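2 protein chains.
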Amino acid sequence: MSDMIDVPQPYLLFLGDADDTTYLKTGLGLRDWAPALCLAEHKCDGAAASLGLPAMHPREARAAGARSLVLAAASIGGAIRPGWIPYLVEALEAGLDIVSGAHDRLSDDPLLKRVAQAKGRRLIDVRTPPPGLPIATGRRRNGKRLLTVGTDCALGKKYTALALAEAFRARGLAADFRATGQTGIIIAGSGIPIDAVVSDFVAGAAEALSPDADPAHWDVIEGQGSLFHPSYAGVSLGLLHGSQPDVLVLCHAHGRQRIVGLPDYPLPSIGRAIELTLEQARLTNPQVRCAGVSLNTAGLSTEEAAVAIIALSHEWGVAVADPMRPGAAFDQLVEACLA
Amino acid sequence: MSDMIDVPQPYLLFLGDADDTTYLKTGLGLRDWAPALCLAEHKCDGAAASLGLPAMHPREARAAGARSLVLAAASIGGAIRPGWIPYLVEALEAGLDIVSGAHDRLSDDPLLKRVAQAKGRRLIDVRTPPPGLPIATGRRRNGKRLLTVGTDCALGKKYTALALAEAFRARGLAADFRATGQTGIIIAGSGIPIDAVVSDFVAGAAEALSPDADPAHWDVIEGQGSLFHPSYAGVSLGLLHGSQPDVLVLCHAHGRQRIVGLPDYPLPSIGRAIELTLEQARLTNPQVRCAGVSLNTAGLSTEEAAVAIIALSHEWGVAVADPMRPGAAFDQLVEACLA
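Line by line, the protein sequences give chains Z and W. Counting from 1, one number per residue, gives the positions in the first sequence under our numbering. Counting from 1, one number per residue, gives the positions in the second sequence under our numbering.
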């Protein structure tokens, strides 16, 4: 799609000068969710961290089929560290594009810009929306759409969408994961960083992200923010309206009572969250329904998670599952989505 | 405010090469709503249109106290016409800043940029948000806030806010009109073009626009878009949450049945519009209330308008008035806001 970011795959993951994996969030997400895309890792001389991938120099990685080097390390403030530049130049000279989710723009580095131009390589900043996004039209499109929404930020909307798209394909359905955030875009190889889009164009960007498709095709769209978050609800509403979802899956973190970082803001009840989100979603798709709840049970034992899932499924009267824990509950959530 | 656009007043209005006032929307809004700011008009040699203001050359206008030249003419596509540049250069040399709401950026014109730098003048693009806007915190602020919201776009949210702020001041209250769109910003002399803000920062921009104030002070905030518009609802929700309004005034156009330009989208009933908007607004201000409806009756005769206002006030059970028609109904709406 011309109006989506497009990232050449597979990848050589660049770990920078990280000394442990706490700075490798992007890299861990990629390794865990798209192992087939992660050919190898490369890092600054003497850096200690590793993702356990084979170590390759950019030339070897290119020869092995890699198309891009991905900045897999996050530095404080999202900077591109000066010490990384020579390694990135080597990658460009080896024939790899560079992919970054850092706040600093690759193209703001004069050396990188010059070498990329000379070598005909691309510097891809996945935080920068594509140009020319349209204003939303509200027109209905063919194809089926599922959007993950949340009671808060940072509780599994991306991974829920990835797991559902995978499960749909495992059942022989045509399904695409549609990425709206930087890690998702690098995993999917395309997408639009929705929270970086100028507000007037957010719903239009969401329409462009899940275009007209075959009536049997599923777009499984990564949600952003939460309608219940005082900082980001507008982003979530624009994405909801432009996505025109047929099915919503509400993501929630087990035991979370308040918006992370905003203790004055309690989370809504699951019932109210479903009701208000459906009410808003009906503006652009009157047939929308909620298939159930994706419950993040990280930190619970297998037994505790199973008990919590059954208890809350009864309490809330909907299908509940943790996509990180395959099994009967998740199969039921998938069936509820497809029902 | 460092995080608001700041526009030096009063103004010399530049009418460009417009041959009739249909291209002078910004100029007409300024002349009607801020006559005291409109010292004079200036235009290209031979242009026919006029706002009926005294004609002054930039040097005379500067001597008469003007601080900025405002582009009061809209060209197709929001371009800055090449034929205007010599006139803008003259204005900079005469000591005026240039203020533009055009899509083209003043600072993208190399000649204007060079002359402005040489003369120490500013090129102010009111479509360009100020840098460094914060993420919303959701923290409550002192002072009272009123936000105009709408059943659709383009039905009087800006003029309703201007009229209410004026009426509050006429009653001896401390009140500021807070502008969120380009014409409003030029009228107020400051503000933030909210629909041009990156979506992640819309609620934060709204918090910056109506900062902590004296408990008796009113910010009367210009609404944008509509929660019921499939293209712009996200903008409206971010503005609603960041504004934390104590009072909402719902703006509606008499007889309008469908979203302008989107015939598949019916307008909500007044009751539902009030209910859903209040429900959303309670997230950041649980005490929010709706004072009534601002009804745009343009096109109706005085008698027809009076009849419609009384009839709909009974039908909807709230105060209804057209701020463009001063009188008892408007006074009642103002009292309802202050109650």
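It should be emphasised that the hints constitute simulated quantities derived from the structure, not laboratory data. Hints are not guaranteed to be accurate.
These stretches of chain W come out as covered by chain Z in the derived footprint (C-beta under 8 Å, 3 or more residues) [what the hints assert, rightly or not]: (1) 228-235; (2) 275-283.
A few chain W positions that, by computed beta-carbon distances, are all more than 10 Å from chain Z [as the list claims (entries may be wrong)]: (3) Thr21; (4) Ala136; (5) Ala196.
If you're wondering where the values come from, they're calculated on a predicted model, not measured in any experiment. Note that beta-carbon positions come from the ideal geometry of N, C-alpha and C, so glycine has one too.
Structure-based check of all given hints:
no.	hint	result
1	228-235	holds (count 7)
2	275-283	holds (count 4)
3	Thr21	27 Å, holds
4	Ala136	4 Å, violated
5	Ala196	6 Å, violated
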